[in-house]
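**Student:** Using the hints provided, position chain W relative to the given structure of chain U.
As a plain string of letters, each chain reads:
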Amino acid sequence: MKRYLILADGSIFEGEGFGAPTTTTGEIVFNTGMSGYQETITDQSYNGEIIAFTYPLIGNYGINRDDYESIAPTCKGVVVHEAARLASNWRNQLSLDEFLKQKKIPGITGIDTRRLTKRLRTEGTMKASIVDTADEHAFDQLNALVLPKNQVQQVSTTKPFPSPATGKNVVVIDFGLKHSVLRELSKRQCNLTVMPYNTTAEEIIQLAPDGVLLSNGPGDPKDVPEALEMIRGIQGKIPLFGICLGHQLFALANGADTYKMKFGHRGFNHPVREIATGRIDFTSQNHGYAVDVHSINKDNLLVTHIEINDGTVEGLRHRQYPAFSVQFHPDATPGPHDADHLFDEFMEMMDAFAKRSRENA
Amino acid sequence: MPRRTDIHKIMVIGSGPIIIGQAAEFDYSGTQACLALREEGYETVLVNSNPATIMTDKEIADHVYIEPITLEFVSRILRKELPDAILPTLGGQQGLNMAMELSSAGILDELHIELLGTKLSAIDQAEDRELFKNLMQKLNEPIPSSQSVTTVEAAVKFAGKIGYPVIVRPAFTMGGTGGGICNNAAELTEIATNALKLSPITQALIEQSIAGFKEIEYEVMRDAADNALVVCNMENIDPVGIHTGDSIVTAPVQTLSDKEVQMLRDASLKIIRALKIEGGCNVQLALDPDSFKYYIIEVNPRVSRSSALASKATGYPIAKIASKIAVGLTLDEIKNPITGTTYAEFEPTLDYVVTKIPRFPFDKFTKGERRLGTQMKATGEAMAIGRNFEESILKAVRSLEIGTIHIEIPELAKVSDDDLTEKLIHPQDDRLFYLTEALRRGYKIDELAELTKIDLFFLDKLSHIVELEIALKDHKGDLDILKTAKKNGFTDYEVSQLWHIPADQIREMRREAKIWPVYKMVDTCAAEFESQTPYYYSTFEDENESIVSPRPSVLVLGAGPIRIGQGVEFDYATVHSVKAIQKAGYEAIIMNNNPETVSTDFSVSDKLYFEPLTIEDVMNVIDLEKPVGVIVQFGGQTAINLAESLAKAGVKILGTTVTDLNRAEDREAFDQIIQQLKIPQPTGATATTKEEAVTIAKRIGYPVLIRPSYVLGGRAMEIVENQTELETYIRDAVKVSHEHPVLIDRYLVGKECEVDVISDGEHVLLPGIMEHIERAGVHSGDSIAVYPPQTFSENVIQQIVHHAEQLAVALNCIGIMNIQFIVQDEIVYVLEVNPRASRTVPFLSKVTGISMAQVATQVILGAKLPELGYQAGLHKAGKMVHVKAPVFSFSKLNNVDSLLGPEMKSTGEVMGSDVTVEKALYKAFEASKLHLPDFGTVLFTIADHDKKEALALAKRFREIGYRVMATKGTAEFFKSAKLRVNEVTKIKETAGSKQQNILDIIAAGQVQVVINTMDQDRDVASDGFQIRQDAIEHGIPLFTSLDTAGAILRVLESRSFTTKAL
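Chains as they are written, first to last, in this note's numbering: chain U, 452 to 812; chain W, 51 to 1112.
Don't take each hint at face value.
Across the chosen pairs, the derived CB separations fall in these ranges [claimed, not checked]:
# : chain 1 : residue 1 : chain 2 : residue 2 : range
1 : U       : Glu-549   : W       : Pro-192   : 32 to 42 Å
2 : U       : Ile-522   : W       : Asp-338   : 24 to 34 Å
3 : U       : Asp-761   : W       : Gly-492   : 51 to 61 Å
4 : U       : Glu-467   : W       : Ile-520   : 16 to 26 Å
Quick caveat, the hints were computed from the structure, so don't treat them as lab data. Note that CB positions come from ideal geometry on N, CA and C, so glycine has one too.
Extracted from the complex, chain U is given alone in its bound form (with noise of 0.2 Å):
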């Protein structure tokens, strides 16, 4: 069926639509990975927001029962140069077109992807919708749209629950938090409890855990206030861990600001250093807000991480307390796994933090 995509500013592709039949509406953001599509949509950072594949073909192996970043994606739609139409894996268990109807995303393909992202990319991100007719109604209507505020709220658990294991207590905030971040701190053996975005610092405080961690998520970080009277309540008492909005959240707690990038980080290629080894890693990324640099009040930040083609700030680590954040995924999935050590650091960051505590008792 015949579908178009259409951009605030008037651009219009015609495709074919697969997935959910449905009309959609979004901020449309383009993604660089040459693989992890399932990964990429149901990260719930992308929620809202319409994802453009640069990669022509999409699909090719499919959609499995591990490869889940969360159970109920919300982003708005999926746009492809080529969905692909047989696809071929031993994992594989469900086309990505059958999968997107099962989640209501609706797809577009045939799409001149890379002229998307072309517009995306001297424009910036925009407003986009995919419909069935690309009228003047369809662009009023696109035009009218106000992206919602709300979105950390919209997929952050409501209630907290537990993923027990018999290692460190760490308490995992859920801004939107993909479970990649779960199954590395369980591979270290955590015993998490997963707790909403809005949780209190008392809240956790009560609940004495080794470490918190600070998730990814969807969105403006401004739009999470909440978070950031929680941070200021826990830091220096419990070791914090932030990764993307988690980080955002961490800088903006400690007075630093955060802008709205052009277009954004998203893809798995961005190389990475740290700025006191040197060392560089290729890592994941999905953010199109950052850490403004001059925003941050070097008393009480260290800019411990850069990116190296376009300089933006990648890294903190707070001066006094036992925190940390990146603005990339250490999780990856999808992505390259070269920054995971972060999780061990997380976790000696946590036993030097006991041990001190220990001798200072």
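**Tutor:** Same frame as chain U, now just chain W:
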């Protein structure tokens, strides 16, 4: 870390002559290396024996040595140049082996020369089977279990331990002959018995079989600061079992989930870090299609063919970056030359599908063993880029130039189902076409997957192509289906076949319906960053990114994939043409599809279109670019063959006009010119039927030289002695018809020579004359050429110059052309004219100092030779003697007869230069690895009509102390002339007895050189064939032309004389 300042002068070792498995990719990498080192301010020394390379141009390095890559000569150069370091990892296996040899000879220590890039210990670890095994075990990376055995019992015992299936690989047999996959002990017993018998050292490797696994490659880089990255991953469509050089390969991988991609990435990076490679490295992995199980197949600790492919596939210049890393720079200090805004510390991301498809020599070696296995057989490859797989593979197929521009070989429709199944299970070079044939017959993709182990994903894509054929056939004139077909890579020609409408009419339909290609940029980053790279491919989509510049432009057509008869020489000429176009103030645009070459390096031209070279694809670029004209003289027969269609479409062919090109290539028209000019020519005529051929041959008198018209590298050309042979030839070798006439000429036994001439229409420059060592009858590309001529009288030279001038003017040549002559009894006969640059252009350019392709291009663009500072006539030769010698790849191909004849068989060339012809020949022989000891045994087995001549050679061998062995007839002949000779028995004579026969003697290494000539009986089963095959298998120098043997004898004599004098 900034670049090193403790070293100043660096030697780069090239890869030598082109052979199967080591081709033009190393010219590309070596050239990049030299330029990169120079960019960093180092003084560079280059050594390579292959003159047909850009890297051996004087502009590329500060000191260029075209000398043999042997311990003797490289040591000599090292002592003279005293470089601080050697960069050995850019010259293929040859460069690496040379470095190891230099190191073990102690000269590197002696002269305090450092090896850059990768330490020798790492090279050992990657290449020595045991060390590699140990390293992988240490890293906990799995490799297939294997063990060397010398008895069948040991083989069975080991297989029992690791489980079946196992692969048997006999040691040191040609093309892995005698090996195979065994599913049980009975099969293993049978195959291992045979394998051990065939192995000259009675040894075989028993290896756990991973055949059917997905074959995946990772191209990785690492710097001294331990930064490591993946430039590109690639998936072989053909599963493990077929050499990756012979496999159809896609980039990036298509059927792996991210989990698998990252798992293999982790393994690859772990390995490059463990090996501490500073530069590029290729890791080949086998992935179980049904689990996460994988194995490391092999690691190449250097820049390779795959890295050239990865460079072109991604735009990331691996060799250049590897060179910079070798001198201490780190990846995060080096700018990504594609974007200019990002750094080399970057993993490219593609937004297109790349397909590489190998080009095989079996159109020339029709009797060669076509079954594919672990020994590479392809001579070249084509690459194509598309926005989907179908487009990508169809473009790749039509880039191959194998007589079909669609994924279909019509003859296969006649193949029986049984034969078809057999060919699917046991793949030959043409399996892809059997697959589509099977799909057309209604085979299901599941069945095909079962037979071939090819992933369903790819089979479904092929099925889609076949479905589109049917849809087109069923909906003639349907524009929607046409649009779909075009998006999936169909040519107008293919549609025209299905619709029965002329292709240009379809083009018009498309023009009206706006179904028109656009060009997208290759930018390493999927458009995430702005790039200025002028590197484009076509596709059928919305946005065109190729902006036409306001400057006038000239389009140069490249030569496509490397094949026998059309080698890297043509890429050399193409690159030089581009340089001249740029100097003349035009924008130079290249179209080509060979990923190995320098011409497809985007930094060479102002614009590169990586495209098939068919009329439709070329016209598409012309429609967009509207160049001033097209240059077709440098891209070999590929480009020349397009001239007529281009001219018909109204395109300006620059230089010699199409009419005149045709006059040179059309036999009748050419004969008329020759007759008008009164130039002697071997009597000959054109036949369009078998009867006509017989009559003509009778009139001319046997022996005659017979060949189809419009040939490439003497394809299907033969000398026939009588009518029976003539009839056999016509039946087996060619189709004779009005469209495909055959040429029949009197066969003159004389000296052959050739010239390349540059003409502006009035003035004709002959840079030089090349005299061939081998008499007429051996293809010029397989002959040793000597410059300047050593045996021609002034009279002969005058005739050559005169005829060449007459021909160039009469043919209205503007640009360059090649003329072949035969000299017999002081008379110069014209054999043929090729109205284009020939394979001798790089050699002659180097020895004369005239950049012939550049001068020719200037002339093509309107300059006159005198303005350029050249006088008409023969350019004066210097004092040095230069020899160009052919190099063959027979040891890689089974069942290919090494006997030299009118069909070209060589894959590459080397050059030797010195003050005497003997010294120059010595170097050429050394460079081509034809090394003869000062003393030893020579074995003669000679056809009757050559015996007298062979006797003279045998006597000379005796004179310098060689022992002579000969087969019965030859031995008797020699004995009757009182020559001391040991008779050896032929193969058949010893059947069933224990007496040593000729093959046993060869196998036992009792002879150091074999000289074999034969009569016309070329039955594959004949003794001669077996003798040649065995000589090659055992690496014994073999001569099938008495002239070549005479030449090497001269070298031995000159050395022998010197020995006595001391």
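**Student:** Quick check: which numbered hints come out false for this structure?
**Tutor:** Violated hints: none; all satisfied.
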